[in-house]
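Which chain is which? The protein sequence lines are A and B, in order. In terms of the UniProt record's numbering, the first sequence is residues 1 to 348. In terms of the UniProt record's numbering, the second sequence is residues 1 to 348.
A portion of the hints provided could be inaccurate.
In this list, chains with the same sequence are indistinguishable; a pair is considered to hold if it fits within one copy or across any two.
[Stated by the list, open to error] Derived BS3-like pairs: lysine-lysine, alpha-carbon spacing no greater than 30 Å straight-line: (1) Lys39 <-> Lys174; (2) Lys39 <-> Lys323; (3) Lys323 <-> Lys13; (4) Lys61 <-> Lys217; (5) Lys39 <-> Lys99; (6) Lys146 <-> Lys39; (7) Lys11 <-> Lys117; (8) Lys130 <-> Lys117.
The hints are simulated quantities; they were obtained by calculation from the structure and are not laboratory data. If you're wondering where the values come from, they're calculated on a predicted model, not measured in any experiment.
Number of protein chains: 2
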Amino acid sequence: MNEYVDNEARKAKLVGKTVTMAHGAGGHQTSELIDMIFKAHFDNPDLTADDAAVLTPPIGKMAVSTDGFIVSPAFYPGGNIGKLSICGTVNDLSCMGAKPLYLTCAFVIEEGFPMEKLEEIAEAMEKTAKEAGVRIVSGDTKVAGKGQVDGVFITTTGIGEITDGVEVAGNLAKPGDAIIVTGDIGRHGCTILLAREDFGIDADVTSDCAPLWGNVKAVMDATHELHVIRDATRGGVGTVLYEIAGQSQVGIRLDASKIPVAPEVRGVCGMLGLEPLYLACEGRLVIMAPKEQAQTIVDALKVCPYSQDAAIIGEVTEEQPGKVVMLTEIGTQALLPQPGGELLPRIC
Amino acid sequence: MNEYVDNEARKAKLVGKTVTMAHGAGGHQTSELIDMIFKAHFDNPDLTADDAAVLTPPIGKMAVSTDGFIVSPAFYPGGNIGKLSICGTVNDLSCMGAKPLYLTCAFVIEEGFPMEKLEEIAEAMEKTAKEAGVRIVSGDTKVAGKGQVDGVFITTTGIGEITDGVEVAGNLAKPGDAIIVTGDIGRHGCTILLAREDFGIDADVTSDCAPLWGNVKAVMDATHELHVIRDATRGGVGTVLYEIAGQSQVGIRLDASKIPVAPEVRGVCGMLGLEPLYLACEGRLVIMAPKEQAQTIVDALKVCPYSQDAAIIGEVTEEQPGKVVMLTEIGTQALLPQPGGELLPRIC
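Same shape as in the complex, but just chain A (with noise of 0.2 Å):
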């Protein structure tokens, strides 16, 4: 009761006040925004006051991954950058089979940024690393001039621990496994293009943003015979199935009418002649697995939040190494242009 109280009074200090240089200086104002806003949210037994966080240490390997966020704009529907910042990285880490531990955080916020946006973010950040299971450990803020930095950016680093017994690389695929993606595609990047108004598009699409340890738990739960696990961001499913064939040195057969595509993504990209599969997600898995475990992969994928949708979209193949091939609803087959140039900017 007495902390509702608080944060209320927390709160409202904050209506109308916006970030100033001196909150990037340094000294007690520094301390200040840290203590309204950061350590309000991020307080746990891990979190240091002092310049380094002292942690113990994962028990095994560990996984180590970093991502800066730019994200424009950076609220749109279904998140904002806060909880992307928490997702790419947690995801980073779950890719690799690594339960994620501990995450730093380090802001650049723009002169004149408003502090009630500022919460908006962390708030964020609290939830979205709770529901992971991750302990933000550390953090740093600067401040830059207004017209330096756009907005905010953060940049997180994430620590995981390895499960042991599971090896998954984008060099690992195999003829004959399966391609299973964890939900419908294309949503972070469509939000994204809209979100910009350059086009004038009014159409219902929220981020598919989420962050996925619990779904590689669950797979991993239930087979251990995992070849790739690899998340879908920049550059979309499309550019990381031709990462793994470059990398595997095999083909990639995906069935156009097995890859799961939301309606409202689906005209989006018919109204502006773009491909799905190279628009951004940040909640979706690309998994590779011998076919004979696929199905089981899949249930497990099936009653996980953000998974209920999973599917399997093709097979790898020993024809056509380094390619992706679409075999189309009506038939025929046809090689899924090479990613390149620009695709869509500024969408993590």
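Go by the hints and put chain B onto chain A.
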């Protein structure tokens, strides 16, 4: 020999080129940029091409620290943002008594940024990481549009192994402790100030930016009786001393005549009415330890690079807890004004 020829060819390819939005889209241009510049410099057995590095964790406790670097200008006498981004995190770990093992780095680069400048930054990072004995293990590259980021921002995160038997923290200062600085103060802040050309002062000042793990190790090898080790960055030595005075609830008495300040820094401060104690350092430590250990510590520091001018500058007192008092050169006592306000923004 062959490597030299290849390296020349690699560098020749960078001439006149700039970073484009496509370099940040996650496709093959992103891979090319990483290979051409970052991998060429950072290559080591722990550097990952995947989303996360797989590492052997530290033995015992580990220290984890993150820092965003947005210094403006990015190139200045004595260093650049690349060197700074390694030193800052290496020094944060070192101040916890932790040997720096692994670093990650995330870049946000402005569209149009010259490749040759990026090469210079990566070169400085490589050199500094080698000197500090730390491995760059994972990275991330994002590109923001022209005017959406000022040049290049770098966030580094470091993982270190904490030395058994040494416990240092800002709240462990004790009355009777000697206060040591490892060299002349205020160089970095003064250098950035002059590099901005706002003042039209032409003085020959270079940044003190340096990786200090070797210095901390030398001190710990000489004695384990240490209470506080801090690097004086944003806010300078004065801000650090006020922080420690507050955290440890002790007073601090400085002897102004003992504080090492380079004549050129003193000159600039005199002209602009600045207090060198509040100018940033990026290669200076503040150490507090029992008086009996002070000379041993100074002797250990004087034989290391970057700390030949180490000096005892004052002592920790029971009187005036939370305050920093200066014994002036004419024998009077004065309270050091409390830090606050903007100080000098974007100096790190």
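Quick rundown of the hints versus the structure:
Proximity of Lys39 and Lys174 under a CA criterion of 30 Å is satisfied inter-copy only: 28 Å between copies versus 47 Å inside one chain copy. When the C-alpha separation of Lys39 and Lys323 is checked against a cutoff of 30 Å, the pair qualifies only between copies, where the shortest distance is 26 Å, while the shortest distance within a copy is 48 Å. Taking the shortest Cα distances, Lys323 and Lys13 sit within 30 Å of each other only across copies (29 Å), while inside one copy they are farther apart (56 Å). Taking the closest pair of Cα atoms, Lys61 and Lys217 come within 30 Å of each other both inside a single copy (17 Å) and across two copies (26 Å).
Taking CA atoms no more than 30 Å apart as the test, Lys39 paired with Lys99 passes in both settings, with 24 Å inside one copy and 27 Å between copies. For the identical chains of this complex, Lys146 and Lys39 are intra-copy neighbours only, at 25 Å inside a copy versus 33 Å across copies, given an alpha-carbon limit of 30 Å. In the homo-oligomer, the alpha carbons of Lys11 and Lys117 lie at most 30 Å apart inside one protomer (11 Å), although the nearest pairing across protomers, at 43 Å, exceeds that limit. For a Cα distance limit of 30 Å, the shortest separation of Lys130 from Lys117 inside one copy, 20 Å, qualifies, whereas the shortest one across copies, 40 Å, does not.
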